[in-house]
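J.: The whole structure should be built from the sequences, with the hints applied where relevant.
Protein chains: 2
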Amino acid sequence: MVDKMDYVHGYSDRENSRLCDQASTLTMLLHHDTIYPSGSRVLEAGCGVGAQTVILARNSPKASITSIDISGESVEKARLLTEKEGVTNVSFQVADIFDLPFEEETFDHVFICFVLEHLKNPLDALLSVKKVLKKEGTITVIEGDHGSSYFYPRSDEAMQTIKCLINIQELLGGNSLIGRELYPLLNRAGFKSVSISPRMVYVDSSKPDLVEGFTKNTFNAMVEGVREQALELKMIDEKTWTKGINDLYRAAGQEGTFCYTFFKGTATK
Amino acid sequence: MVDKMDYVHGYSDRENSRLCDQASTLTMLLHHDTIYPSGSRVLEAGCGVGAQTVILARNSPKASITSIDISGESVEKARLLTEKEGVTNVSFQVADIFDLPFEEETFDHVFICFVLEHLKNPLDALLSVKKVLKKEGTITVIEGDHGSSYFYPRSDEAMQTIKCLINIQELLGGNSLIGRELYPLLNRAGFKSVSISPRMVYVDSSKPDLVEGFTKNTFNAMVEGVREQALELKMIDEKTWTKGINDLYRAAGQEGTFCYTFFKGTATK
Numbered sequence: 001m002v003d004k005m006d007y008v009h010g011y012s013d014r015e016n017s018r019l020c021d022q023a024s025t026l027t028m029l030l031h032h033d034t035i036y037p038s039g040s041r042v043l044e045a046g047c048g049v050g051a052q053t054v055i056l057a058r059n060s061p062k063a064s065i066t067s068i069d070i071s072g073e074s075v076e077k078a079r080l081l082t083e084k085e086g087v088t089n090v091s092f093q094v095a096d097i098f099d100l101p102f103e104e105e106t107f108d109h110v111f112i113c114f115v116l117e118h119l120k121n122p123l124d125a126l127l128s129v130k131k132v133l134k135k136e137g138t139i140t141v142i143e144g145d146h147g148s149s150y151f152y153p154r155s156d157e158a159m160q161t162i163k164c165l166i167n168i169q170e171l172l173g174g175n176s177l178i179g180r181e182l183y184p185l186l187n188r189a190g191f192k193s194v195s196i197s198p199r200m201v202y203v204d205s206s207k208p209d210l211v212e213g214f215t216k217n218t219f220n221a222m223v224e225g226v227r228e229q230a231l232e233l234k235m236i237d238e239k240t241w242t243k244g245i246n247d248l249y250r251a252a253g254q255e256g257t258f259c260y261t262f263f264k265g266t267a268t269k
Numbered sequence: 001m002v003d004k005m006d007y008v009h010g011y012s013d014r015e016n017s018r019l020c021d022q023a024s025t026l027t028m029l030l031h032h033d034t035i036y037p038s039g040s041r042v043l044e045a046g047c048g049v050g051a052q053t054v055i056l057a058r059n060s061p062k063a064s065i066t067s068i069d070i071s072g073e074s075v076e077k078a079r080l081l082t083e084k085e086g087v088t089n090v091s092f093q094v095a096d097i098f099d100l101p102f103e104e105e106t107f108d109h110v111f112i113c114f115v116l117e118h119l120k121n122p123l124d125a126l127l128s129v130k131k132v133l134k135k136e137g138t139i140t141v142i143e144g145d146h147g148s149s150y151f152y153p154r155s156d157e158a159m160q161t162i163k164c165l166i167n168i169q170e171l172l173g174g175n176s177l178i179g180r181e182l183y184p185l186l187n188r189a190g191f192k193s194v195s196i197s198p199r200m201v202y203v204d205s206s207k208p209d210l211v212e213g214f215t216k217n218t219f220n221a222m223v224e225g226v227r228e229q230a231l232e233l234k235m236i237d238e239k240t241w242t243k244g245i246n247d248l249y250r251a252a253g254q255e256g257t258f259c260y261t262f263f264k265g266t267a268t269k
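Residue numbers (full-length UniProt numbering), protein chains in the order written: chain A, 1 to 269; chain B, 1 to 269.
Just so you know, not all the hints are guaranteed correct.
25 Å max Cα-Cα, derived DSS-like pairs, lysine-lysine [stated by the list, open to error]:
(1) A:Lys207 to B:Lys269
(2) A:Lys130 to A:Lys84
(3) A:Lys163 to B:Lys163
(4) A:Lys269 to A:Lys135
(5) B:Lys84 to B:Lys62
(6) A:Lys163 to B:Lys243
(7) B:Lys192 to B:Lys269
(8) B:Lys269 to B:Lys134
(9) B:Lys207 to A:Lys192
(10) A:Lys243 to B:Lys163
(11) A:Lys207 to B:Lys192
(12) B:Lys130 to B:Lys207
(13) B:Lys234 to B:Lys120
(14) B:Lys216 to B:Lys239
(15) A:Lys163 to A:Lys130
(16) A:Lys192 to A:Lys134
(17) B:Lys62 to B:Lys131
(18) B:Lys62 to B:Lys77
(19) A:Lys192 to A:Lys120
(20) A:Lys84 to A:Lys62
(21) A:Lys269 to B:Lys207
Just a few of them, taken from the derived set where beta-carbon distance is under 7 Å, the chain B residues facing chain A [as the list claims (entries may be wrong)]:
(22) Gly147
(23) Tyr150
(24) Tyr152
(25) Arg180
(26) Glu181
(27) Tyr183
(28) Pro184
(29) Pro198
(30) Met200
(31) Tyr202
(32) Asp204
(33) Glu255
(34) Thr257
Honestly, the hints are just simulated from the structure, not real lab data.
Nothing here was measured: the structure is a model prediction, and the numbers come from that model.
Cβ atoms here follow ideal geometry from the backbone N, Cα and C, with glycine treated the same way.
T.: Encoded structure:
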């Protein structure tokens, strides 16, 4: 089962829709301070289905963005999405982040969002993009950290379902706890002036948009997405799973609260 | 052992110094937006040794602050501290938060910081202070949440030492995971316009003041403070404890990162 999928979130239509919901809810929190100047060349490494690409391109309408992804199918979806959204400053390419088809020091800026967490060797990915980045160019990395999730009412079963997601991502060679690790990673890759900014999402029922857009449709949907694998791998039994997922939705209820933190790292070459 | 102490942090001199270190490091993060108008009457319920009192009084120099605590010894220390610091707008009183010696609707504002986490029934405390609060008066509550701590490099042993702190506080009738619960608590107490603002502390070695002032001298010192109880209660063995504490200090090292979140709730009567 696990060998068949390389990407923990899969490539289903529900998943594409989830990634786009997530992008619009979190846009301001994650992206408001990433604005590239007119004429600058930006590499988006790992664009997936283009959920972040559209935001990135809109925030920097006069920058020239090159978005790559290893999956041809995803690149095609990203291309269609940007066309549909009327975004014109992005060119797409199917390419491997570990073997980039660009000259050294091609780009003024590199942007990586929700990618390192899926890679077996994120440090090599950083070293690879560093090569194609100009001297004094900047890198921006945004990653989540599933270990930053906690909620009220507390529930051991709900924590176990989250642990399944973390473990499955780890079995696939990824690290969903990478957010807390951006500081040492960027430093080890030899970047300068590394600065990490945590972006915490706190949700209670006074914020119904976040309850729907983040807790339910982003986080809970992501956990629910590994149900089959978790049961098949006997990481959890069905009864515990069902209770855990119910408890995650209870934390999205009237009396519930939910916390999650993204990390945004910036540095220069 | 546990019966002898009511307050998880104890009353030692090292502890008083830790509470004051903590207060100055976190001042801006927690207190910058609490400023009471000239002439307003403010109740600080549970002032302890006065670490927050001094900040509160300085930020609102023309408000009239009444600070109470159940411990006469703490109130005396708080009084000495404010005298030493030249603060003159605070009067102190030994009093029980559950049985306040004030008329109903006496105060314009109530301020509670790091108190509810130590109480067996925080809801009753909120109902009690609500009585002495005027209609349309505000309440401000600041609490931590030890379950919000995570760090790099990860360590199961370090997590176990934190769990000891959480469990000992629970044995004493407290709840060190109360931060995430402020929203339902304030609502259940019947307050209106409840708004919760998380205040996350993210520390890496680019912030040496926070490494010293928060990770080492506040958080790690707090965990280390329950060593004897944890070992005596056989919650953990000595080898695991030592490894765990070493790992907490490793997270305060060159490659380490440390995260903790406080919650600040405000509401009106």
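J.: Evaluate each hint against the coordinates.
T.: Results for each hint:
1. For a cut-off of 25 Å, the pair hint linking A:Lys207 to B:Lys269 stands: about 21 Å separates their Cα positions.
2. At roughly 32 Å between alpha-carbon atoms, A:Lys130 and A:Lys84 are farther apart than 25 Å, so this suggested pair is violated.
3. For the hint pairing A:Lys163 with B:Lys163, the CA-to-CA distance comes to about 18 Å; that is within 25 Å, so the pair holds.
4. Under the criterion of a C-alpha separation no larger than 25 Å, the hint pairing A:Lys269 with A:Lys135 is consistent with the structure, at around 5 Å.
5. For the given pair, B:Lys84 sits about 19 Å from B:Lys62 by alpha-carbon distance, which is consistent with the 25 Å threshold.
6. For the suggested pair A:Lys163 and B:Lys243, the alpha carbons sit about 24 Å apart, so the restraint of at most 25 Å is met.
7. Distance check on the hinted pair: B:Lys192 and B:Lys269 sit about 6 Å apart at the alpha-carbon level, within 25 Å; holds.
8. About 7 Å separates the Cα atoms of B:Lys269 and B:Lys134, which keeps this hinted pair within 25 Å; it holds.
9. Between B:Lys207 and A:Lys192 the CA atoms are separated by roughly 15 Å; this keeps the pair inside 25 Å, and the hint holds.
10. Pair hint A:Lys243 plus B:Lys163 holds up; C-alpha atoms about 24 Å apart against a cutoff of 25 Å.
11. The hinted pair formed by A:Lys207 and B:Lys192 meets the criterion: a straight-line CA distance of about 15 Å does not exceed 25 Å.
12. At most 25 Å may separate the alpha-carbon atoms for a hinted pair to count; B:Lys130 and B:Lys207 exceed this at roughly 39 Å.
13. Using a Cα cut-off of 25 Å, the hinted pair B:Lys234 and B:Lys120 holds, with the two alpha carbons roughly 23 Å apart.
14. Between B:Lys216 and B:Lys239 the alpha-carbon distance is near 20 Å, which keeps this suggested pair within the 25 Å criterion.
15. At roughly 33 Å between alpha-carbon atoms, A:Lys163 and A:Lys130 are farther apart than 25 Å, so this suggested pair is violated.
16. With a C-alpha separation of about 13 Å, the suggested pairing of A:Lys192 with A:Lys134 holds against the 25 Å cut-off.
17. A threshold of 25 Å between alpha carbons decides the hint, and for B:Lys62 with B:Lys131 the separation of about 24 Å falls inside it, so the pair holds.
18. With a C-alpha separation of about 23 Å, the suggested pair B:Lys62 and B:Lys77 falls inside the 25 Å cut-off, and the hint holds.
19. At most 25 Å may separate the alpha-carbon atoms for a hinted pair to count; A:Lys192 and A:Lys120 meet this at roughly 24 Å.
20. At most 25 Å may separate the alpha-carbon atoms for a hinted pair to count; A:Lys84 and A:Lys62 meet this at roughly 19 Å.
21. Under the criterion of a C-alpha separation no larger than 25 Å, the hint pairing A:Lys269 with B:Lys207 is consistent with the structure, at around 21 Å.
22. Interface hint at B:Gly147: satisfied, since its Cβ lies 5 Å from the closest Cβ of chain A, which is below the 7 Å cut-off.
23. The beta carbon of B:Tyr150 comes within 5 Å of a beta carbon in chain A, closer than 7 Å, and the hint placing it at the interface holds.
24. Hint status for B:Tyr152: holds, given a least beta-carbon distance of 4 Å to chain A, under 7 Å.
25. Against a cut-off of 7 Å between C-beta atoms, the interface hint on B:Arg180 holds, since the closest Cβ of chain A lies about 4 Å away.
26. The interface hint given for B:Glu181 holds, since its Cβ lies 5 Å from the closest Cβ of chain A, which is under the 7 Å cut-off.
27. The criterion of a C-beta within 7 Å of any C-beta in chain A is met by B:Tyr183, whose closest approach is roughly 4 Å, and the hint holds.
28. At its closest, the beta carbon of B:Pro184 sits 4 Å from a beta carbon of chain A; the interface hint therefore holds under the 7 Å criterion.
29. At its closest, the beta carbon of B:Pro198 sits 4 Å from a beta carbon of chain A; the interface hint therefore holds under the 7 Å criterion.
30. Interface restraint check: B:Met200 against chain A, minimum CB-CB distance 5 Å, threshold 7 Å, status holds.
31. This hint holds: B:Tyr202 has a C-beta 4 Å from the nearest C-beta of chain A, less than the 7 Å allowed.
32. With a cut of 7 Å, the hint placing B:Asp204 at the interface with chain A holds, because the nearest CB-to-CB distance is about 4 Å.
33. For B:Glu255, the shortest C-beta to C-beta distance to chain A is roughly 4 Å, which falls under 7 Å, so the interface hint holds.
34. Hint on B:Thr257 holds. Least Cβ distance to chain A is approximately 5 Å, under the 7 Å limit.
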